[in-house]
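K.L.:
Chain by chain, the residues run as shown.
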Amino acid sequence: MVSKVLVANRGEIACRILRACNEAGLASVAIYAANDADSMFLELADQAVLLEGETIGETYLDQQQILAIAKATGADAIHPGFGFLSERADFARAVGEAGLQWVGPSPEAIEQMGDKMTARITMRAAGVPVIPGEEIEQEEEAEALAAIESASHRVGYPLLLKASSGGGGKGMRAVHSPEDLIESAKGARREAIAAFGDGRVYIERLLTGSKHVEIQVLADRHGRTVHLGERECSVQRRHQKVFEEAPCATMTPDLREAMGQAAVAAAEAVNYEGAGTVEFLLASTGEFFFLEMNTRIQVEHPVTELVTGVDLVREQLRIAAGEPMSCGPLMMRGHAIEVRLYAEDPENNFLPAIGPLAVFRPPEGPGVRLDTGVREGDSVTPNYDPMLAKLIVWAPSRAEALQRMRRALDEFVVLGTTTNIRFLRELCDEPEVVTGQTDTTTIDRLWPDGWHPSVPRSIEDAALMSAAVGESAGLHRTVSVVAGSSSGPVSPFATLHRRFP
Amino acid sequence: MVSKVLVANRGEIACRILRACNEAGLASVAIYAANDADSMFLELADQAVLLEGETIGETYLDQQQILAIAKATGADAIHPGFGFLSERADFARAVGEAGLQWVGPSPEAIEQMGDKMTARITMRAAGVPVIPGEEIEQEEEAEALAAIESASHRVGYPLLLKASSGGGGKGMRAVHSPEDLIESAKGARREAIAAFGDGRVYIERLLTGSKHVEIQVLADRHGRTVHLGERECSVQRRHQKVFEEAPCATMTPDLREAMGQAAVAAAEAVNYEGAGTVEFLLASTGEFFFLEMNTRIQVEHPVTELVTGVDLVREQLRIAAGEPMSCGPLMMRGHAIEVRLYAEDPENNFLPAIGPLAVFRPPEGPGVRLDTGVREGDSVTPNYDPMLAKLIVWAPSRAEALQRMRRALDEFVVLGTTTNIRFLRELCDEPEVVTGQTDTTTIDRLWPDGWHPSVPRSIEDAALMSAAVGESAGLHRTVSVVAGSSSGPVSPFATLHRRFP
Amino acid sequence: MHHQFRSPEGPIEVTVAKQGESWYLGSLEATPMPDGRLRILNDDGTVMFAHLVKVGDVWWVHVDGHTFKLERVEPGASDTDDGGGLTAPMPGKVLQVLVDVGQTVSSGTTLMVLEAMKMEHRIVAASDGTVTAVHFGAGDQVEQGVALLALEES
Amino acid sequence: MHHQFRSPEGPIEVTVAKQGESWYLGSLEATPMPDGRLRILNDDGTVMFAHLVKVGDVWWVHVDGHTFKLERVEPGASDTDDGGGLTAPMPGKVLQVLVDVGQTVSSGTTLMVLEAMKMEHRIVAASDGTVTAVHFGAGDQVEQGVALLALEES
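Protein chains in written order, with the numbering used here: chain A, 1068 to 1568; chain R, 1068 to 1568; chain G, 3 to 156; chain V, 3 to 156.
Source of the hints: derived by calculation from the structure; they are not laboratory data.
Backbone N, C-alpha and C define an ideal beta-carbon position, used for all residues, glycine too.
Take the hints with a grain of salt, since some may be wrong.
[To be verified] EDC-like cross-link-like pairs, simulated, lysine to aspartate or glutamate; straight-line CA separation at most 16 Å: (1) R:Lys-1253 with R:Glu-1208; (2) G:Lys-71 with R:Asp-1528; (3) V:Lys-71 with A:Asp-1412; (4) R:Lys-1253 with R:Glu-1207; (5) G:Lys-71 with R:Glu-1414; (6) V:Lys-71 with A:Glu-1414; (7) G:Lys-71 with R:Glu-1164; (8) R:Lys-1071 with R:Asp-1143; (9) V:Lys-71 with A:Asp-1528; (10) R:Lys-1138 with R:Glu-1164; (11) A:Lys-1138 with A:Glu-1164; (12) R:Lys-1237 with R:Glu-1258; (13) V:Lys-71 with A:Glu-1527; (14) V:Lys-71 with V:Asp-59; (15) G:Lys-71 with R:Asp-1412.
[As the list claims (entries may be wrong)] Among chain R residues calculated to face chain V with C-beta under 8 Å, some are: (16) Asp-1105; (17) Glu-1110; (18) Asp-1113; (19) Gln-1114; (20) Ala-1115; (21) Gly-1444.
[As the list claims (entries may be wrong)] These stretches of chain V come out as covered by chain R in the derived footprint (C-beta under 8 Å, 3 or more residues): (22) 35-42; (23) 46-57.
Please take these sequences and the hints and turn them into a complete structure.
P.N.:
Following this line, the structure appears as structure tokens:
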């Protein structure tokens, strides 16, 4: 039984989960660091508790403090969202030992999938295809480098070095020829040690021209494990997804079934419970290879929700409560696309940007969904990830979804902080995005020397005129709250008195 | 071929259509009366043209002026939306004669369905069940009353008198016993003459305890006529729909197929083209009877869009362009509910309200759609229909959709103008709404003496405290644009000069 | 601070106290937010957020799905305007009379101070005018609704 | 009205003219809307809507799916601040010198008026201070970038 959920996260995913708790009739607790005191997600919780501490480690990653708050507020379940503690097996274990329900898979499943080598071995044993490659178990520098050199001959070039306990592109190196191998291996190990305290790497064939295709799975405690079709997330910048869609434009029903079954086998191999994602590389040959399994809800889950009609977060809550999942047979319909809006400067190597959200006006109209944790008047600070919002559209066909995304991005107004909105908008016009022939190298190939917007002179003129008129006419938009000081002494007692004549 | 669409409407439906034009790659023209000069829908059109004139008759109903604007702007199609000229066969005919494409059915189909008697005869001939009743063709008062008296014996009580060319509840009278008949008939005729210039009525059996269930149809010029399932709109106040949903909670697949086939037969009987709705009364026995056909897009079309995944307005545009409709076989999924937000005072007999939309904050989050034509800062005036917005939710099940609607209504903040939001919110908790056992008498039965909100004392205290704190602290929210006067003489010439060092 | 609001059931008197950045009333604590809303903390730890805006004399407030229209009554303003007469909003005692017959006053001038329910109420001129009558002196007990002064609008 | 904005390509000078409620530039007509946006009419009858807001010295403008950051340059402010020296923003002719050496001026005071490209440019004090040098007189031709006056901040 689950009756009160503590959401151990912040921002848009906390909003998403808190709204789902509300709709499920569950009480909710938000936790927040002091620099989040005015954030939107607090308002969606029944209760919000301040985390003591300055750094992320002292706040959103402080397991003991979070467990203490859960105890104090009477929460009986913890939803970790994504990032932060969501894939920390030790936390999942501590939550269980504290007598609380973890909204996610078992600590053992997290461990088996969290270590990339163990995951590959587990997947091979379950009959799931993995990328040709080898685990390098050696931890000592010289031994590791020798083992990598030896393995490189069997794996072949181009190849990829990855941190065994890595994620988010850290400790990752593409190596295109043998002379770069040792230098890249040293760099990958250095980064891996710095980021994860674990220098082990593995080496695998780099499948160029491949698509990143992932399968959403759901598993409950009543013996049911299903897949909910695929998402394509090939359009990435430095291994950071930018443009995600469902279904994959080149998918066939047979291939979907094969990949879906492989994903179900992967989940069953670790007795998975809850929502999870099995990531694959889909080669242009139609072969697919296991990449990794994410043992949590994913950023891009809304595209699956829109095409399958399954509310993944509600199903997570149901499964955690021990109920059977409510969704019926897979029924995909139409096409959904998600783009991630970042506070970043695409003209300046995508450096993160900060500033006030002086104007923040999301697009409206049918088929448009916005998942965000900010609103006009908020500020973007360097404290957290610069993702401002996920803009998701659904339409009956892929072409219509792209058109809708173009309209939505054109209508989206963010002033005061630099964003990637225009970059995303122009991405929608690139021929390989239009045809769905994207692969994981798309962005690097399209803009090898960085991206710059193409701005029609007439639009620029209108903007310059606007600024000049704004300056001339004094159109300084002010959204102010006039907090006048109260005059006279303030009564020391407070009363409310109804008088009935 | 259609390349540029003039939208002969205003408000939320104009916004809906203009966005669809944009997504379809069609140029668009909005027309507006002077009192709509700041309305949102203008901004969604490529061009907006002012209608000369003061009254609605001189503006949105002025056929010649609208046709002249279409000519002047080079529009090649006219979309009438709903209301206004949407069911005026003479206008549809004039549009065609001007060489423009009418987005809707032929003038003949509008005529056949527009006259309720003709419609009933047409439907009977097509084998579609109609409510037991009789057409009263007599126009002269005394003859008409005699004919009504005579027919009342054959139809039986309770019975309903309706204006033949009516709509929206005007000229409609329920008669429960013979002694009220003549007085009611006189009243119905009086209202019918005043509203439509046509005093003819028809008399039919009043089916109490029935549901209002309507079937959406689509027909293209390539021989295809399909139905898109039903909407239930039983919850009405004075024949004005308030709460609409799809599917109907008590529908069975067999009944849907039977009603769908009857609706398709109705459409085919008049060589229908485009989107239309066939309205039925569904008796508690499972029998259904033709009420009328609406030969246009309907206010409540979004609930069908959300459960079927068909974009009805896009299909209208496609069909008008002579293309085949794009939707595949009927695929209903989940449950959608729409409520209509009105500027009205539910505590005061639902009298229309006016005022500024000082705060207008629609709810957010997955599964929530808002179709509106207003935004914060606008004013509600007595010029037009007081509908502010349609709030539509979708969820995998009816229970979840109701929960989502409750959350959405709780989050919806409108200040400065009285609305029916709280009335709609409490409606969601009524047992017969919860179980889906609504019929057309639900609202009258639930609140025979008018509606009053139940406000917890603790919430009222918080509100009073808020007002007192607002007054004390001077929290007078001001969203102001400081338009300072420019000092000094203004240069008579305007230039833009780029200088490159 | 003390305020009075009109309601269908009758006038409602509200007095809120301020300490630091927050305001207090019974077990409720309200703190203004940067965007103009109020964060209201209940004593059970749960939180509500109030949107509020003043349009004319009316405070519109949204709390927890409920919307309220609270018309503020200017201190001392009477419910039933009887031609320039200023009436007692509640039973009480006259504390001070601040004007004399024949004096010209401008809108907003405090004319008289009453004490009732242990709170002070100011009777304020609703328009510019001349005081034509003063019916009570300091210390007098007054019934609700009786005319206290008369003002002739200028 | 004349304004200068910084851009990666170099400074951009914009002069807009006002007539009635609207502003004009070439074939564009801009009218402020009640919500603070501008309605911009093109000569082909199409319309654009600009959102704009000023944050610090920067105007942020959104038009038709494009967002612009336009830093306003105070008239007469130099790109390369050389210690109180005020330099010519473009080649032109000195029309008027409005201050003398030794004069104390406050921030915003117009010090000199230049004519260039048929437009007047005002050289304005960016801070309070004392004029320590005036390098040109009325009628002098000046090259872009030369120091026109020197100001010592007070």
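K.L.:
Of the hints stated earlier, which fail here?
P.N.:
Hint check: 7 fails alone, others pass.
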